[in-house]
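Chemist: Starting from the known structure of chain A, fit chains B and C onto it as the hints suggest.
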Amino acid sequence: MLRYGLARLLALLQVIVVMSIVVYALIYAMPGDPATVILGDDATPEQIAELRAQLGLDQPAWLGYLDWVSAVLRGDLGYSIFLRAPVAEVLGERIVPTVSIALLASFVSVIVAIPLALAAARRQGGAADVSLTVVAMLGIAVPGFLLSLLLVRVFAVQLGWFPVAGYASPDEGPWTFLRYLVLPAVALGVVQVSVLGRITRSSVVDVLSSSFITVARAKGVSPAGVLYGHGLRNALVPIVTVLAGSFGSLLAGAVVVETIFNIPGVGQLIVTAISRRDYPVIQSTVLVIALIFVVLNFVVDLLYPLLDPRIRLTAGARA
Amino acid sequence: MRALAGLRERPAVIVGLALLVACAAVALIVPFVSPYDPNAAAVQERMQAPSAAHPLGTDDFGRDVLARLAVGIGMSMQVAFATAAVALVLGLLLGLLAVFVRPLDQLIMRICDGLLAIPGVLLALAVVAATGASTASLIACLVLVETPAVARLVRSSALSVRERRYVEAAAAAGVRPAAVVVRHVLPSVLVPVAVQISAVFGSAIVIEAALSFLGAGIPAPTASLGNMLSDAKAFVNTGWCLMLFPGAALAALVLGANLIGDGVGGGALFRLRTRPRPLPGDAELERERMLLP
Amino acid sequence: MTADRHPALVVRGLAVSYGAERVVTDVSFALQPGEVVALVGESGSGKSTTANAVLGLLPADARVRAGEIRLGGDDVRGWDERRMRAIRGTRLAYVPQDPAASLDPVRRVRQQIAEVLTVHGIGTRADRPARVAAALRAAGIADPDAIGARFPHELSGGLQQRVLIAQALVGEPDVIVADEPTSALDVTVQKEVLDNLARATAERNVAMLLITHDLAVAVERADRVLVLRGGVIVEEGPALRVLREPEDPYTRTLVAATPAAIAVSLREREREREREGGESPAAPVLSAAGLSKRFRMRGASGAVHAVDDVSLALAPRRTLALVGESGSGKTTTARIVSRLERADSGVITLDGQDITGLGGKALRELRRRIQYVHQSPRSALDPRYTVAEAIGEPLRAFGVPDRAGRVRELLDRVALPAALADRSTARLSGGQAQRVSIARALALSPSVLVLDEAVSALDVSVQARILDLLAQLQRDLGLAYLFVSHDLSVVAQIADEVAVMQGGRIVESGTALQVFEHPRHDYTVRLLDAVPGFSPVA
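Listed in order, the protein sequences are those of chains A, B and C. Counting from 1, one number per residue, gives the positions in the first sequence under the working numbering. Counting from 1, one number per residue, gives the positions in the second sequence under the working numbering. Counting from 1, one number per residue, gives the positions in the third sequence under the working numbering.
Extracted from the complex, chain A is given alone in its bound form:
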């Protein structure tokens, strides 16, 4: 088990290194001199030089990268050019709404997708199966931000059940907090239901055709016992994998959807940063979100042996 954990940790570190190099290297993709591009035409040479130093552009690339990494490890995520504040501070406030939306969307998708998929697996071709297929198609075809617009139109404007936009911080009470997040979470959740539902259904169907399921029935286990105790239980590995793996796109989706609902999260931060070319903000935000995603997957990796004891044996890199 220890060996397995260490192997996964090594893989995690390698991924983080590559990912951070990619994020850092993007600044070199700017056409022309980054500092000039950011500050514009009427910047003075001193300002440009100062910015170049700040961004680490006055050194060879690899040195700049190492400087940047050591800064990040110290908790210094750079300084926003336009907001005139440490990025870490700004990000800290804004990360809460974004992650909350993603978590809520995950939760919504689980409570909808899993029961639906189980019912679909148990009786293929039945009502649940058809509904799952329809929802799946909907989830594929309609991206999160489009669905948000539709939901706002129907549930906020016409029916008035939920606010059209805005945000309440958690201190204002759990229900108020949630009210503002429901529509964006549902919009993202429906897309998630499509992915999660399909993988659950196909995994459970696969498991249910195994020999040990027949043996369980021959022992006199009830249909529910077979479906949940043996069927779902054996399908957990792919389900959990998909849940963790798609959390990244939930985070990205939250980023986009926030702009529709005027939620002061990472989304708005990054959009304004792009239009102003506030590069430190962009760089650090992408890094932090990717880190959250990658660490989450690492934690899930460590859980696998608990879900499937056979996994302890294969202590090696994934794939």
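Don't read these hints as lab results, they were simulated from the structure.
Below 25 Å or equal to it, Euclidean Cα-Cα: the simulated SDA-like pairs (lysine to any residue) are:
id : chain 1 : residue 1 : chain 2 : residue 2
1  : C       : Lys361    : C       : Asp344
2  : C       : Lys361    : C       : Leu444
3  : B       : Lys233    : A       : Leu178
4  : B       : Lys233    : A       : Tyr167
5  : B       : Lys233    : B       : Ser134
6  : C       : Lys191    : C       : Glu220
7  : C       : Lys361    : B       : Ala171
8  : B       : Lys233    : A       : Ala156
9  : B       : Lys233    : A       : Phe177
10 : C       : Lys361    : C       : Arg342
11 : C       : Lys191    : C       : Gly533
12 : C       : Lys361    : B       : Arg165
13 : B       : Lys233    : B       : Gln44
14 : B       : Lys233    : A       : Ser275
15 : C       : Lys361    : C       : Ser287
16 : B       : Lys233    : B       : Pro221
17 : C       : Lys361    : B       : Phe100
18 : B       : Lys233    : A       : Gly166
19 : C       : Lys361    : B       : Ala178
20 : C       : Lys361    : C       : Pro446
21 : B       : Lys233    : A       : Gln158
22 : B       : Lys233    : A       : Leu104
23 : B       : Lys233    : A       : Arg94
Far from chain B, some chain C residues (derived; all Cβ distances over 10 Å):
id : residue
24 : Gly34
25 : Thr124
26 : Ser156
27 : Arg252
28 : Val255
29 : Asp309
30 : Gly352
31 : Ser447
32 : Leu469
33 : Gly503
34 : Glu508
Every residue, glycine too, gets a C-beta built ideally from N, C-alpha and C.
Modeler: Structure of chains B and C alone, referenced to chain A:
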């Protein structure tokens, strides 16, 4: 190829193709027959409902929605096709290199893992932030986002096919190694890759739309499905038709691509009938399966 | 526990069909408590369907069209699912076929066995562990606490099957339905497991319905035997009577394939060959000396000697059989000799030429002289190819002219109709696929064929025909065979010389008659002893 004959039996592929062809038709035909310039503002005719003169109405700048829609669809499809084509070539190249040139395997896979760790839209945003928004940079960043998944898939398909007995049997029969790869390995790899590429197409459409929606994609005033939706955002209360048409076009494109991929891959989405159970006579198959190590 | 005056299980006039297809027609038999009845048949005979009908576990599209199924005094055919569930595991238990796939991979063994108790509310929470341990011991597991705590994948095939037997015993059933309980196991393990099962059921006076494709196993383990073919009982009676005096012609073919019968024919073959005048042993066409190969196992300490100092010699026009159970190294040896794998050390010689280190073009050329026929025929053929394309592939690789003509010729040689040439290889039966594999191997006119478990996946009657074909081809084309198999009765039908392998080494070798009738090594004796009905001493 024999495979194509089987495709006709899959409703998913036909429906998907129909959707894509319909969208392509709109994108190609409308600019020829429409009297309107999609970018010309005509403020006196703003926010009109669909009519004979403007089949889909006008937007808040008085521009004809149908004309803009055609341009938007065209842009989305071009970007998505370009992305899919480049991602296919690069992905095949990298994946096969990883399999057949052992030392490169770890390196290529780690790079792909690292890229995959950054959620697609965010990576695209970061790239566009650096390079500036233009169609070329958009395609480049989409390729960067989509290729790693294709490469991984090619690699894992090739690895699993390579282990199949009939590949070894072909080599044992005296077939040259290169011929073994081309005649036995590649055909099996191509099917999952085809499925993935249609997913790439769909994903490219969505990401491009999301970027344009945020203002970081196709630069205005050129119409794109994303920025049409973004314009419509302000009119959720009143002129909500504005979001209906680009939304429907977007859904049609993505659904079409995914249905084709799904159909090619075996129709998991549309499979409503029970999987047939092995008949009693297949005990032989069962025994065979048990003998395999 | 039911009243003793009733038979434990009575099946009368059972008929099952899938749609319009009748799979079982008018099957009747009765089981007394403590009795063992065997249902013998090949694939498609309806034996598994009958077993599933008794258990009430037929798939949804099956229809039980007639018949009576009585368990104890109750007619269970008409029972709904809930009542059936109540007796499954308690009065009626099931021992399945493939042990590795029949246990839930994510639950510990003791939990799975205890599930029978918890589901039916047997015993109290306090005494359940004891019941589970008792069942494991009854199934022949000496250390129930240690094994009970394991997960299925941590156990060997034999242990897994014993766990399944324990699972069937723990509910104290009246009837056990055992469906091919040992087909997936090595023959020595098979014997032990069947011994366990016999003892456990006899002790508890449990009636057993034993489903098997192997008539010899049935005769050895059952009191009465029923032979099924095409869903109909073609013969029934006391076990020994069916073996010694079969009335139905189909039964006679099955009897001819039993090891005892084969042993007789082996002796006859040998005597005939001696009468023909022993050909002076020619120089071996294929020989290997000192082959060794080690595999490094991940995580395990050190390496495994898959092949350990193996030497063999194959004379022209003769068949050398490599016999052993799983892990003996026979397959690896065969693959090394055919240059599909490399040995760590040793020399391989073909027609006097050292072929050990050949590579590139020379290796390809080698394929014209020595060919390898894979184990499971269907997986060795690309499902995208037609029969003609598959057979023609080696011809194409070497630019042999008139491919179509040669393919026709080869199809004829392996007794396949020419019409099969355009069929996709995915649509062949096991026997057909194996013939195609053989035809492909013959395409380049090799002098040596290495056949790895070439008939093991086939039904007994199909096996006999393929072995006949191989024997004929040997006579007509002068081929030498290296024949790898775990199945001694198959080996006895075709081998001239036999080499027995265990743990990577050859422990005994000699002519077939010598090895089968006068085995010297302990392991060979054990192996022969484990084969049902195959006694080394006439």
